[in-house]
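K.L.:
Each chain, letter by letter, is given below.
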Amino acid sequence: GDSVTQMEGPVTLSEEAFLTINCTYTATGYPSLFWYVQYPGEGLQLLLKATKADDKGSNKGFEATYRKETTSFHLEKGSVQVSDSAVYFCALSYSGGGADGLTFGKGTHLIIQP
Amino acid sequence: EAGVAQSPRYKIIEKRQSVAFWCNPISGHATLYWYQQILGQGPKLLIQFQNNGVVDDSQLPKDRFSAERLKGVDSTLKIQPAKLEDSAVYLCASSLGYEISYEQYFGPGTRLTVT
Numbered sequence: 001g002d003s004v005t006q007m008e009g010p011v012t013l014s015e016e017a018f019l020t021i022n023c024t025y026t027a028t029g030y031p032s033l034f035w036y037v038q039y040p041g042e043g044l045q046l047l048l049k050a051t052k053a054d055d056k057g058s059n060k061g062f063e064a065t066y067r068k069e070t071t072s073f074h075l076e077k078g079s080v081q082v083s084d085s086a087v088y089f090c091a092l093s094y095s096g097g098g099a100d101g102l103t104f105g106k107g108t109h110l111i112i113q114p
Numbered sequence: 115e116a117g118v119a120q121s122p123r124y125k126i127i128e129k130r131q132s133v134a135f136w137c138n139p140i141s142g143h144a145t146l147y148w149y150q151q152i153l154g155q156g157p158k159l160l161i162q163f164q165n166n167g168v169v170d171d172s173q174l175p176k177d178r179f180s181a182e183r184l185k186g187v188d189s190t191l192k193i194q195p196a197k198l199e200d201s202a203v204y205l206c207a208s209s210l211g212y213e214i215s216y217e218q219y220f221g222p223g224t225r226l227t228v229t
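Residue numbers (my numbering), protein chains in the order written: chain A, 1 to 114; chain B, 115 to 229.
It is possible that part of the hints are untrue.
Under the rule of at most 30 angstroms between Cα atoms (straight-line distance), these lysine-lysine pairs were calculated in the DSS-like manner [to be verified]: (1) 176(B) x 192(B); (2) 158(B) x 60(A); (3) 158(B) x 77(A); (4) 129(B) x 197(B); (5) 197(B) x 106(A); (6) 158(B) x 56(A); (7) 56(A) x 192(B); (8) 185(B) x 106(A); (9) 56(A) x 68(A); (10) 106(A) x 52(A); (11) 52(A) x 158(B); (12) 68(A) x 158(B); (13) 68(A) x 106(A); (14) 129(B) x 106(A); (15) 129(B) x 158(B); (16) 106(A) x 192(B); (17) 60(A) x 106(A); (18) 158(B) x 192(B); (19) 106(A) x 125(B); (20) 176(B) x 125(B).
If you're looking for bench data, these hints aren't it; they were derived computationally from the structure.
Between the sequences and the hints, there should be enough to build the whole structure, so can you do that?
P.N.:
Right, dumping it as structure tokens:
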């Protein structure tokens, strides 16, 4: 079956550091890929998505590129802030918006220190 | 617009007891989902409704879990009897439909502790 693997956390960085959170997937077809974020005390929110190979999703300074050849969708940000501290989930779905049900990775807890 | 509402936010029960969770989706959203998120893991889809019909319940443990969505709006998820391994956060989400570009919106979740 389909699955998503992402790097273990917690990941601790200093403010303004460069961020990469790795995500790879196994899928039988050609899924859409997503990053969701869960801030402390809040519900899951869509951060960005990409619906086909070589697409780049971006939002709030974060970006990720759909790499079919390496089955990856790594999340990057050039300069993190304390407010980026949250749990990040990589996910896949066979509809562009995820509305047919999402398969999630285990999540990566990101801690940004001032 | 109002988001997805869930209640209760927290629940503690003993094993073998029963429990029910309630979800009110965003107004006008035809598709509703229940996910189970065990500590340290990502959410796992339990059941998906389109209006009041079930689209996917392949990962729902049907011997103890049940869900309904009467009138195609609110939904309840029930566990009877609960086991220790049911301790998790239960997330409800909704979307306009399950067509190509519709996004899922998540509620805050209900944290269940089974002792």
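K.L.:
If a hint holds in the structure, say so; if it does not, say that too.
P.N.:
Hints and how they fare:
For the hint pairing residue 176(B) with residue 192(B), the CA-to-CA distance comes to about 10 angstroms; that is within 30 angstroms, so the pair holds. Distance hint between residue 158(B) and residue 60(A) is fulfilled; the C-alpha atoms sit about 27 angstroms from each other, no more than 30 angstroms. Of the supplied pair hints, the one linking residue 158(B) and residue 77(A) holds, its CA atoms being roughly 27 angstroms apart against a limit of 30 angstroms. Distance restraint check for residue 129(B) and residue 197(B): the Cα-Cα separation of roughly 5 angstroms lies within the 30 angstroms cut-off, and the hinted pair is therefore satisfied.
Restraint check: the Cα-Cα separation between residue 197(B) and residue 106(A) comes to about 22 angstroms, which is no more than 30 angstroms; the hinted pair holds. Distance restraint check for residue 158(B) and residue 56(A): the Cα-Cα separation of roughly 26 angstroms lies within the 30 angstroms cut-off, and the hinted pair is therefore satisfied. Between residue 56(A) and residue 192(B) the CA atoms are separated by roughly 40 angstroms; this puts the pair beyond 30 angstroms, and the hint is violated. A hinted pair counts as satisfied when its Cα atoms are at most 30 angstroms apart, and residue 185(B) with residue 106(A) does not qualify at roughly 34 angstroms.
Between residue 56(A) and residue 68(A), the direct Cα distance comes to roughly 12 angstroms. Compliance with the 30 angstroms bound is thereby established for this hinted pair. Between the alpha carbons of residue 106(A) and residue 52(A) the distance comes to roughly 23 angstroms, so the proposed pair stays at or under 30 angstroms and holds. Using a Cα cut-off of 30 angstroms, the hinted pair residue 52(A) and residue 158(B) holds, with the two alpha carbons roughly 23 angstroms apart. For the proposed pair residue 68(A) and residue 158(B), the alpha carbon gap of about 24 angstroms is at most 30 angstroms, so the pair holds.
At roughly 21 angstroms between alpha-carbon atoms, residue 68(A) and residue 106(A) fall within 30 angstroms of each other, so this suggested pair holds. Under the criterion of a C-alpha separation no larger than 30 angstroms, the hint pairing residue 129(B) with residue 106(A) is consistent with the structure, at around 26 angstroms. Of the supplied pair hints, the one linking residue 129(B) and residue 158(B) holds, its CA atoms being roughly 22 angstroms apart against a limit of 30 angstroms. Straight-line distance between C-alpha atoms of residue 106(A) and residue 192(B) comes to about 25 angstroms, which keeps the hinted pair within the 30 angstroms bound.
For a cut-off of 30 angstroms, the pair hint linking residue 60(A) to residue 106(A) stands: about 22 angstroms separates their Cα positions. Restraint check for residue 158(B) and residue 192(B): the C-alpha separation of about 16 angstroms stays at or below 30 angstroms, so the hint holds. Distance restraint check for residue 106(A) and residue 125(B): the Cα-Cα separation of roughly 23 angstroms lies within the 30 angstroms cut-off, and the hinted pair is therefore satisfied. Simply put, residue 176(B) and residue 125(B) have alpha-carbon atoms about 21 angstroms apart, close enough for the 30 angstroms limit, and the pair holds.
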